[in-house]
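Here the sequence shown is numbered in our numbering, starting from 919 and rising by one per residue.
Incorrect hints may have been included.
[To be verified] In silico EDC-like cross-links for lysine to aspartate or glutamate, where the CA-CA straight-line distance does not exceed 20 Å:
no. : residue 1 : residue 2
1   : 1120      : 1067
2   : 1107      : 1090
3   : 1037      : 1130
4   : 1111      : 976
5   : 1037      : 1006
6   : 955       : 1006
7   : 981       : 1002
8   : 941       : 994
9   : 1111      : 1150
10  : 973       : 1090
11  : 973       : 1143
12  : 973       : 1150
13  : 1107      : 972
14  : 973       : 960
15  : 1111      : 1140
16  : 1111      : 972
17  : 1137      : 1103
18  : 1107      : 1143
19  : 1111      : 1066
20  : 941       : 1140
21  : 1107      : 1097
In short, the hints are calculated from the structure, not lab data.
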Amino acid sequence: MAGHSKWANIKHKKAAADAKRGKIFTRLIKEITVAAKLGGGDLGSNARLRLAVDKAFDNNMPKDTVERAIKRGSGELDAVNYEEIRYEGYGIGGAAIMVDCLTDNRVRTVADVRHAFTKYGGNVGTDGCVAFQFTHCGQMLFAPGIDEDALMEAALEAGADDVVVNDDGSIEVITPPYEMTAVRESLEKAGFKPEFAEVTMKPQNEVELTGDDAVRMQKILDALESLDDVQDVYTSAVLVLPE
């Protein structure tokens, strides 16, 4: 792929997320609740819960809101029973898309997801049709201009799996998914604060889309992101949108 668009794409994604702060809170509360239900309410022994809580605090969620979500999940308070579902499919140019959902109504969710795909030229595939193209990992992105050698040394010492230098000068640090928090804390102590950090499904190969194809693909992704039952949307597409 042309790495010049990596930094722009990450910034666009973050700006879009910031603009939907209320929806982010709803999704984080769901994730915290489910994580606590599956693995218990102890952050020290439940890596998934620790990640969800860290992300909630990164997004300035109040502590009491986080604690209530944990109590709902661990059974101390009444809670909705959510089911985890993953849908896979294809967008413009055959770009892979994965959609992770938490829902209390599977029939509603599959109908909404299918409609979002097909309305803008995508299609839902079978289970497993694109999942093999993604790797579950922690991803941190650092702005162009950072000391590449020093960051690489610090990241590898902290336990990162890989350090990738993009064509635009930005640097990605890849970690095991449930060790991202520890690696991030170590890097921040060393003076390296990421601009963007998340546990994600990282595509092993990316497909760059430009012009009308990029616009159409963005419409599919926006339609999926807007659904209440959707938690995360992952894609192999890198979009170069018109200015």
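Verification of the hints:
1. 1120 with 1067: Not satisfied, since the Cα-Cα distance of roughly 24 Å exceeds 20 Å.
2. 1107 with 1090: Given pair residue 1107, residue 1090 holds - Cα atoms ~18 Å apart, limit 20 Å.
3. 1037 with 1130: Satisfied, since the Cα-Cα distance of roughly 15 Å is no more than 20 Å.
4. 1111 with 976: holds (13 Å)
5. 1037 with 1006: The given pair, whose Cα atoms are some 16 Å apart, holds under the 20 Å limit.
6. 955 with 1006: violated (25 Å)
7. 981 with 1002: With a Cα-Cα distance of about 25 Å, the restraint between residue 981 and residue 1002 is violated, given a limit of 20 Å.
8. 941 with 994: Given that 20 Å is the threshold and the Cα spacing comes to 24 Å, the pair is violated.
9. 1111 with 1150: violated (24 Å)
10. 973 with 1090: holds (19 Å)
11. 973 with 1143: Status holds; Cα separation ~18 Å.
12. 973 with 1150: holds (13 Å)
13. 1107 with 972: With a Cα-Cα distance of about 17 Å, the restraint between residue 1107 and residue 972 holds, given a limit of 20 Å.
14. 973 with 960: It holds: about 16 Å lies between the C-alpha atoms, which stays within 20 Å.
15. 1111 with 1140: violated (29 Å)
16. 1111 with 972: holds (15 Å)
17. 1137 with 1103: violated (36 Å)
18. 1107 with 1143: violated (34 Å)
19. 1111 with 1066: holds (13 Å)
20. 941 with 1140: holds (13 Å)
21. 1107 with 1097: holds (16 Å)
Violated hints for the displayed structure, listed by number in ascending order: 1, 6, 7, 8, 9, 15, 17 and 18.
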